[in-house]
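A.B. asks: The primary structure of each chain is shown beneath.
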Amino acid sequence: MHNIKIACENVSKTFLQKGDTRVDVLKDVSITVRDNEFVVILGPGQCGKTTLLRMIAGFEKPTTGRVLMDGQPVGGPGRDKGFVFQSYMLFAWRTVRGNVEVGLRMRGVPKAERRVISQQYIDMVGLTGFENHYPHQLSGGMKQRVGIARAYCNDPQIMLLDEPFGQLDAQTRLYMEKETERIWLQEKRTVIFVTNNIDEALTLGDRIYTMKDKLPGTLCNCYEVDLPRPRESTDKEFLRLRKQIIEESELVL
Amino acid sequence: MTSHHIANEIHHVVREKKPFSLVDDLLMSRWFLYSMSVILFLGIWYYVVYIDVFGRGLCYPHEVITEIIRLTSRKLAGKELWEHAWDSSRRVFIGFGIACVLGIPLGFFMGISKYFNAVFNPIFNLIKPMPPISWVSLSILWLGIGEEPKIFIIAIGAFVPLVLNAYNGIRLIDEELYDVVRMAGGSHMKEIWEVSFPAAVPAIFAGLQIALSGAWSCVLAAELVSSRSGLGFVIVQGMNTGKAAMVIAGMLLIALIAYVCSFCISYLERKICPWRRDLSTH
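Respectively, the protein sequence lines represent chains X and C. Numbering (our numbering) for the first sequence: 1 to 253. Numbering (our numbering) for the second sequence: 1001 to 1282.
It should be emphasised that the hints constitute simulated quantities derived from the structure, not laboratory data. Since the structure is predicted, the reported quantities are computational estimates derived from the model, not experimental observations. Possibly wrong hints are sitting among the right ones.
[What the hints assert, rightly or not] To be clear about the criterion: a stretch of chain C counts as covered by chain X if any three or more of its residues have a C-beta under 8 Å from a C-beta of chain X, and this derived list gives those stretches:
no., segment
1, 1171-1181
2, 1184-1198
[Stated by the list, open to error] Okay, derived cross-link-like pairs now, SDA-like style, lysine to any residue, Cα gap no bigger than 25 Å in a straight line:
no., chain 1, residue 1, chain 2, residue 2
3, X, K178, X, A112
4, X, K18, C, K1114
5, C, K1079, C, Y1267
6, C, K1271, X, T95
7, X, K18, C, N1117
8, X, K61, X, E9
9, X, K111, C, P1274
10, X, K188, X, K27
11, C, K1271, X, H136
12, C, K1190, X, S87
13, C, K1190, X, R94
14, X, K61, C, R1171
15, C, K1114, C, L1177
16, X, K61, C, V1201
17, C, K1075, C, G1146
18, X, K111, C, R1171
19, X, K111, C, D1179
20, X, K61, C, D1179
21, X, K143, C, K1079
22, C, K1114, C, E1176
23, C, K1128, C, I1140
24, X, K111, X, S87
25, X, K61, C, Y1115
26, C, K1190, X, A112
27, X, K111, C, A1199
28, C, K1190, X, N36
29, C, K1114, X, T14
30, X, K143, C, D1174
We treat Cβ as the ideally placed atom computed from N, Cα and C, and that holds for glycine.
Chain C with its partners taken away, still in its complex shape (with noise of 0.2 Å):
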């Protein structure tokens, strides 16, 4: 319509006409790049496998499809493959929610109120800093050899980074926005539930994707605890009969699952957040 768009529209034709354009155009896509460097990696594990630098450590790709599709057809330890995995999902999904119960609370009071955060932060710095993993022995001292010590893991895990995405969140609201409420005449209540509440939900969601992924890495430490269902033991399972490809089906499927729970909570960050702008699908 105007003059700069009819400019863009002639500057696109003379790019279109330049040499090497087929080049250019395969080096711009995206979808081109994404497969080489699939096909990158594939390429460089096949060969590393040919040359035998692991030995019996690692096998070839294809192998741990045809191992994913052998186990789906017997039983580890009494139970389907998909049956391990519900295990997993199922202690993932009770420890996240209990952590995501415990620490969005803790850390959305600790960031409205000072002297709720004077009580609580010295412990939840000693917290912080300590490796979920490094509360095995403590949990099954506790808690046995049962569940509940590999739930308490999964949501040691979650915890620190819900508490910490909340907390920060409800920190770095611009002080400004609560005088647009006193401006308006609201009380310190209204404070917080039209502007802490709804300017933390982003954060908050950042830390529902961190402590996600802390979980689900969790899973692995949780079901050493002399478990005898879940990916982990699968994986723990192909390590001491020494198939590498059984281990690398079991990491592939916690990645595949861990995935789609991520994809979830983008879903519903984009359903809760309409206005975020640059919300990816990952």
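Looking at chain X on its own, in the form it has when it is part of the complex (with noise of 0.2 Å):
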């Protein structure tokens, strides 16, 4: 029915630290995502799931296994992998505007046109009328939202998003949720995101991987999440898959 875009085979993932102490990050991950599904990866903190990420951006390499995108491994980061990390990681001395456009600058894309790009992300985010401040004036649901624009200015493929609300309070956490749902339905792209919050994880994902507490990390189980959108996080079902999900995890604790 749908072409498969992303494919993690066996990845397993070994830091160095210090120079001789390995560290077992990943252990034999091996996820599946379609074109334009909602994946959620959900697990505690510290159990590999942000390496997961990184990796299939292409910012780390697997130590062994393999992260396809299209049947082809992935060689390195790029415009095609939109990224939203989890502490915003704006440029201070940019403008939100100045924010979103870094990917259209570097590709020396003329000015006129950067701004039509970048106005329609900012508008798209909800940041109208924000385009000239500077991020520090901006509230944490603000910063991510001009992430968010970041990433979809690069006309990605797939959009990677790390606990970008973890930083947030509960009420702009939720109403995030909805944006970032609002957006995806609005502009579908392939989108997997991490998070550590399962309300989260079953408001937003078609599906959701589990992953276990403790390095290194691997996998624990998948669910669908066959709701319709938008979900009450009161429906009977949302409720069922919420115990179910937590009790099969707290078999693996």
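Grab the two chains, each in its own frame, and use the hints to assemble them into the complex.
C.D. replies: And the structure:
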């Protein structure tokens, strides 16, 4: 039915610490993500989920195994893979527009054209009117909107979001989840979303991969979330699935 | 508008009606505390002179002002006071400029290239702890007794903080910021241009501030070297003739010019880095 966009095949990652201490971060992780699918990787802190995402982005190379995109091994980071960072990683010295345009600038897109494209994505994330603000003038939620617009501005084939709302308060977080869903429905992309929040996972994911809570990180389970959008966290099926995930995750604690 | 705004106003009114609010307001007032600090300092100064602790070694504060006025109206070693001030400033500017041209790029490249760092860091670490004044003798042996050794000492004094701040400015950049450039398909050169350079600018400015005060504090040591001009020379003249007022006048003028320079750098930083939110005006 759908093409497989991303495939991780038996991916393992070992980091060298202080020269000779080996830390196994991921072991034998295999996931597949279909075209235009919203996949959530759910796991507690320190379980290697960020490392997995960074390998898909091409920032890190797997120690063993392969990461494939459209059947081709991922060589390195590039504009086809948009990344949204947990701690925003905005350029403090650039305005909202300057941050969103960073990829366009690097490709040498002329200024007038840059304006048009960046404005489109600034409008999309709801930051119209804040184009000339500097990051320190924005709230956390707004900063991450810039992060999302910046990633979209490169017109990536896949979007990788690494606990993007981890630093936000509960209310803003809920609102940003709705916004993420709206943007995704508006600009369909293959999305891999990493989180430690089960409600966030259930609200957003077409499918949820869960990970075990200790290193080296391994996959636990995969759940299909076949609920209509927008989802209600008080929905019966939502709660049933939530209970199931919690129970089955606790089995491996 | 909203309820908590109204609540704040009520709170404010209640506070204003508190007894002793005048004392409270005075203690909260910045300007009151500033003037108290100055008055207290001058008071102690007057008292110390009055009870004659240092004998002729210290004069009354107002005598320093009259001394400055006196110095402006007569020549010292054939030069007016402002010419001495300019001589010192010129040495500082040249020395500071040379240190900037050499130090900032050195620190910058040490930060972005570990090979460059491996070559220069050991030498730099050797020079780093040496007090700039300890270069006086060598500088005379190398450069004689003209302007050059003075500029050399000032440059040495400014050099170390410039290198150190540029280096740390680069080193302390969050690695993930480079990932943003990599994600957008940028090259290594783009990483340096888009991230390393702008991110290090605030640290470089901090280095400029420290280096400038370092340069000014070296000016006296530099002008001890058989100088016939400069504010350092004025201070030495005051010492040799036992005039405390003249010494303090020289010190005060150095502080004043250094303050103006530091203010100019702050101003420049605010112009170049409009994204910094917490730049004080001193």
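A.B. asks: Now look at each hint and say whether the structure bears it out.
C.D. replies: Verification of the supplied hints:
| no. | hint | result |
| --- | --- | --- |
| 1 | 1171-1181 | holds (count 6) |
| 2 | 1184-1198 | holds (count 7) |
| 3 | K178(X) / A112(X) | violated (32 Å) |
| 4 | K18(X) / K1114(C) | holds (17 Å) |
| 5 | K1079(C) / Y1267(C) | violated (32 Å) |
| 6 | K1271(C) / T95(X) | holds (15 Å) |
| 7 | K18(X) / N1117(C) | holds (19 Å) |
| 8 | K61(X) / E9(X) | holds (13 Å) |
| 9 | K111(X) / P1274(C) | holds (21 Å) |
| 10 | K188(X) / K27(X) | violated (31 Å) |
| 11 | K1271(C) / H136(X) | holds (17 Å) |
| 12 | K1190(C) / S87(X) | holds (22 Å) |
| 13 | K1190(C) / R94(X) | holds (15 Å) |
| 14 | K61(X) / R1171(C) | holds (24 Å) |
| 15 | K1114(C) / L1177(C) | holds (18 Å) |
| 16 | K61(X) / V1201(C) | violated (32 Å) |
| 17 | K1075(C) / G1146(C) | holds (21 Å) |
| 18 | K111(X) / R1171(C) | violated (32 Å) |
| 19 | K111(X) / D1179(C) | holds (24 Å) |
| 20 | K61(X) / D1179(C) | holds (14 Å) |
| 21 | K143(X) / K1079(C) | violated (59 Å) |
| 22 | K1114(C) / E1176(C) | holds (18 Å) |
| 23 | K1128(C) / I1140(C) | holds (21 Å) |
| 24 | K111(X) / S87(X) | violated (28 Å) |
| 25 | K61(X) / Y1115(C) | holds (24 Å) |
| 26 | K1190(C) / A112(X) | holds (21 Å) |
| 27 | K111(X) / A1199(C) | holds (23 Å) |
| 28 | K1190(C) / N36(X) | violated (31 Å) |
| 29 | K1114(C) / T14(X) | holds (24 Å) |
| 30 | K143(X) / D1174(C) | holds (17 Å) |
Of the numbered hints listed earlier, those contradicted by the structure are 3, 5, 10, 16, 18, 21, 24, 28.
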